[in-house]
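Based on these hints, arrange chain B on the given structure of chain A.
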Amino acid sequence: MKQKTKKDEVCIMAAAGMLGGSFDLTAFETALGYDPEVIGCDSGTCDSGPFFLGAGVPRMSRKGVKRDLEIMIQAGLERNIPVLVGSAGTAGADPNVDWMVDIVEEIAREKGLHFKLGVIKTEITKQQLRAYMEAGRFHPLTGAPEFKQEDIESLSRCVSVMGAEPFVEAMEQGAQVVIAGRATDTSIYAAVPMMYGLDNGFSWHAGKILECGSLPSVIDKHHGAMVAWVRKDSVSIEPGHPENAVSPNSIVSHTLYENDDPFVLTEPGHRIYTKDSCYEAETDRRVRITNTRMETIPYTIKLEGVRFEGYRRVAMAGVSDPLILKQFDSFVRNVEAYSRKRIELGMKLTGEDYKLRVVRYGNPDDPNTERVGLLFDIIAKTPEDADAIIANVWHTALHVPIPDYIGAQSQTAFPFSPPSLQTLSNGETYSYCLNHVVEVDDPLETVRICYKNL
Amino acid sequence: MKKLYEYAQLIRSKNAGPFMLTIDIIFPDEETYGAVLASGALEIEKVAAALGEDPEKLKRYDLPLARAVKFSVPRRVPCGDFRDEDLYGCQHHRALVNLEVNI
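Protein sequences, first through last, are from chains A and B. Heads up, the first sequence is in numbering that gives the first Met the number 0, so the first residue is 0 and it goes up one at a time. Heads up, the second sequence is in numbering that gives the first Met the number 0, so the first residue is 0 and it goes up one at a time.
The set of hints was computed from the structure by calculation and includes no laboratory data. Each statement offered as a hint is correct.
The calculated DSSO-like cross-link candidates involving lysine-lysine, where the alpha carbons are at most 27 Å apart (straight line), are:
| id | chain 1 | residue 1 | chain 2 | residue 2 |
| --- | --- | --- | --- | --- |
| 1 | A | Lys220 | B | Lys13 |
| 2 | B | Lys13 | A | Lys274 |
| 3 | B | Lys58 | A | Lys274 |
| 4 | B | Lys56 | A | Lys274 |
| 5 | A | Lys6 | A | Lys231 |
Bound-form chain A, shown alone:
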């Protein structure tokens, strides 16, 4: 690790917007040519829903993640600069982190690489959560679902979304590669400038842009690296690939993306204001940002938590008969009602024991409609119940009669056998139940850091 003397300018790079997406090599090499002080990459998102946190499985492929990590780690070790990965394995829960650490260990073995690996876990236990609640240090964010002490037991898993300080701690302890659990996307990039005395609005603003790799380009022709030069009074941004460019318009447009308030960015212990930020083209490919403001705020850490809902099964069907389509509402109502009745009779299960919904695709009233789609979606308490319930539902849908016909009828076209499907991990289904923060005294309070000499 380099000396942590204060610097006037720190160059940081993002390898890409998402680890495992196979970033462009030219973009990566060109960015490295600027001698960055860190190679970072985000690996997570909560956009894909509660499943990945609940089940602790990654969304990206092992092969894709290994390819990207291998390139990043080799480059980092050659140049003696840290490699930081945040929100490992999509959700950043402990099993997601373990999954990625296993990949890193495999790379080290195969390539004969030796280095100090820092592993940061950010899951918190029910006991920890209870302690925050009892101390009055647990607060809802806007739109948060109600969550009381008695709800703690129903929680399947909870991660704390860490800030930049645990990255700094791991680097100060000599970690050359850091695999972190759930972290704010920006903290990956704010960490190294923070270590060199540049914890300011520009490092966080840079992080907000770099977290998506080269996506903020005018046209993201070659997705991959993005570079930033963080200073006391400004930051400059340039895409790695020479054929990519950023413009003031492309950078500002990016502040809109997946962000509810484009002018205020709240991070653990920091709040960044970009409403008065100035953006100017420094070259035809590079933008300089000035006038971003930051204030330090009481240190809070966001929590993401899910509860287990049951096992999901689905079936899809097409309905084309115009006589059914003209009475589609009552047909669908009957499918649901007859199914519930059969499930109660045959399985002794009531509406308390499972959930059932029918989602429609297409407009049955449109005379040009050839076919309308139905999705039957159920969640049950056991995988066996789920299999039996969905079979009841699709089989009921197959034969629910309409009054226009006399005799046995077959109403729904299923595109495969068996007509039912399960989602990943045996249909395990979760829901988000936390959108809260906890107040902490120490930014490292919710994390556990360990080191491995590979």
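Just chain B now, kept in the frame of chain A:
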């Protein structure tokens, strides 16, 4: 009378975290951006009515540098909930595509 999509270069919606939705409307040039804003078509009350949202909960942000208007609103159902039909919140902007704009 034209529709919003005839003036915009992009109308999109997306999750902003599991509990918020955000809609971006981006215009191709400053003149169109200014004219659509001046027409009043994107006033909070009108957009809220089109989306079926409570105008008190809908927030609007103007970004002249990006020639963009953004609306954010809490999700009625969290992302991935059993009642959710749009995991990424990608189709919540649909009611605005044909919004009437009188310039």
